[in-house]
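Using the hints provided, position chain B relative to the given structure of chain A.
Note that the protein sequences, when read in sequence, are chains A and B.
First residue of the first sequence: 1, per my numbering; consecutive thereafter.
First residue of the second sequence: 1, per my numbering; consecutive thereafter.
Note that these hints are calculated values from the structure, not bench results.
Check each hint, because a few of them may be wrong.
Stated by the list, open to error - The calculated label-pair distances, taken between Cβ atoms and stated as ranges, are:
| # | chain 1 | residue 1 | chain 2 | residue 2 | range |
| --- | --- | --- | --- | --- | --- |
| 1 | A | Gly104 | B | Glu241 | 27 to 33 Å |
| 2 | B | Phe130 | A | Pro139 | 25 to 31 Å |
| 3 | B | Leu346 | A | Pro77 | 40 to 46 Å |
| 4 | A | Glu125 | B | Phe130 | 18 to 24 Å |
| 5 | B | Thr237 | A | Thr59 | 25 to 31 Å |
Said to hold, decoys possible - Straight-line Cα separation of at most 20 Å, DMTMM-like style, residue types lysine to aspartate or glutamate; simulated pairs:
| # | chain 1 | residue 1 | chain 2 | residue 2 |
| --- | --- | --- | --- | --- |
| 6 | A | Lys43 | B | Glu241 |
| 7 | B | Lys155 | A | Asp108 |
| 8 | A | Lys95 | B | Glu241 |
| 9 | A | Lys43 | B | Asp125 |
| 10 | A | Lys35 | B | Glu241 |
| 11 | A | Lys34 | B | Glu241 |
The structure displayed is predicted, hence computed values, not measured ones.
For each residue, glycine too, the CB sits at the ideal point set by N, CA and C.
What follows is each chain in one-letter form.
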Amino acid sequence: MATGEGKKRVPIKPGLFRVPTDGGKGYLIGSRCKKCGDCFYPKRAVCANCYSQEMEEVTLGTRGKIFTYTIARTSYPMTPLVAPFITAQVELPEKVQVLSLITGIDFDAVKIGADVELYFWKVREDEEGNEVMAFAFKPVGT
Amino acid sequence: MAEKEVVILGVGMTKFGRVTGRNPMEMAREAGLMALKDAGVDYKDIQIGFCAHCNQPIGTGTDCFAELGMTGIPVTNVELACASQSRGVMLATDMIAAGVYDMAMVIGIEKMPRGMVPILGEQSDLPYPFLMGLMPMPGAYAMMAQRHMHLYGTKREHFAKAAEKAHRNGSLNPNATYRDVYTLEQVLNSRVIADPITLYMCSANADGATATVICSKKKAKKYTTKPVLLAGWAGGTPIYERGGSMLAEGPTEKLGKKVYEMSGLGPKDVNVAQVHDAFSPGEIFTVEELGFCGKGEGGTFVWEGNTEIKGKIPINTDGGLVSCGHPIGATGGRMIAELSWQLRGLAGERQVKNPKVALLHNQGLGGTNVMMFKM
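Isolated chain A, as found in the complex:
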């Protein structure tokens, strides 16, 4: 960590997403089958459509639509999310769905089909002082 730079950011689970850095955006990281083009999140080593093992890592689109959702009213112990919160399946342009926290919408205003965009938030700091990051989606333009 060089002097003058911000704290280092690390994903809460390695390999799932690229955290945003100063001047750079963050992205969810999935797999794309080189043979048939189907995309997957999380990454797959074997294409579920054509069984090819020629998979490449790709960054996925940061805007999606709410496919379905619920309001979680119970928290799980030892997890960062505190109920109540919105959890949803977000459909990305690559035709993959990702289960995600949704913020910035009132519970009675959540709509299937709503446009949402990816962002990252700090869960906690680790023992080395790095920022441990998770992702979520919020209404586009907010």
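What follows is chain B alone, placed relative to chain A:
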């Protein structure tokens, strides 16, 4: 063809209950002895055993069967989450249909641990939803329910009706864990777990054991003149679909079609059924997937009372998972027991009028099983 036909010869189950303090071996023995007695067979006639469980220690299968006798038969433990026991019965059925064995037994046993189940392993091994507490269950059912409401106009009241019926049927079942009756309002106003699912729409883990004796039709003639025949059976896991939500636990519709084809029977022929209601919306989805009503009609179908004991297609006449409670590995055996009793006229206050054909749908985080029985 008679050699390939398979029957359910005997069934047994303990009373289900929450934190009963009962020893799992004692429960397995009780259910096993009941099934042997129901079948009219001796333990030494059993040629192969399967033990269905999810939370019990290594060696549980052999220990359970040893309670009944030590004849040296092969015993295998089967885990498919909530669908473990029905999968065990299907495995036994496949073997008997293939002519490898004549008689098998499946014991389902679950004693739930006290308190929270600890999450094992390194934190980073867990999938992201578990790490974050994004609530995969009942989140998946709740999300499917929300989508159903969006697409078809299904209402919260429709889901609540399935729960109200479950609790009412359970009050007629001495083996059920939860036997209180609730009004529709009480179901709707109970604590929300994940919208639209409320507390009284949820099943809760329970202790319990079930057992099933499966036999070739040829050999069964020795024991009964009115066997419960396995007319069709099929099991599966989720199928990849580009852009799919992957919320479903298995390909129910596809398995249902396979079972209808295998048995030569259709949805209209079914007189009584068990469907997996880990959460009450499950009944609404499954009546569509099994063809009891059209796509999107599940809400009104249940609301209008079609799945009541006196209805067009009685479903979960014993109270289902919601009222009976859910000893995970053993639940499939409860479904089989209730359907066997219904077909044989032994269901007492819950008896459906003269059923001849019964359908079972049992699923969990791992897969789905569909089975057709007929007298």
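Here's how the hints hold up against the structure:
no. : hint                               : result
1   : Gly104/A with Glu241/B: 27 to 33 Å : holds, 30 Å
2   : Phe130/B with Pro139/A: 25 to 31 Å : holds, 26 Å
3   : Leu346/B with Pro77/A: 40 to 46 Å  : holds, 44 Å
4   : Glu125/A with Phe130/B: 18 to 24 Å : holds, 22 Å
5   : Thr237/B with Thr59/A: 25 to 31 Å  : holds, 30 Å
6   : Lys43/A with Glu241/B              : holds, 16 Å
7   : Lys155/B with Asp108/A             : holds, 15 Å
8   : Lys95/A with Glu241/B              : holds, 10 Å
9   : Lys43/A with Asp125/B              : holds, 14 Å
10  : Lys35/A with Glu241/B              : holds, 17 Å
11  : Lys34/A with Glu241/B              : holds, 18 Å
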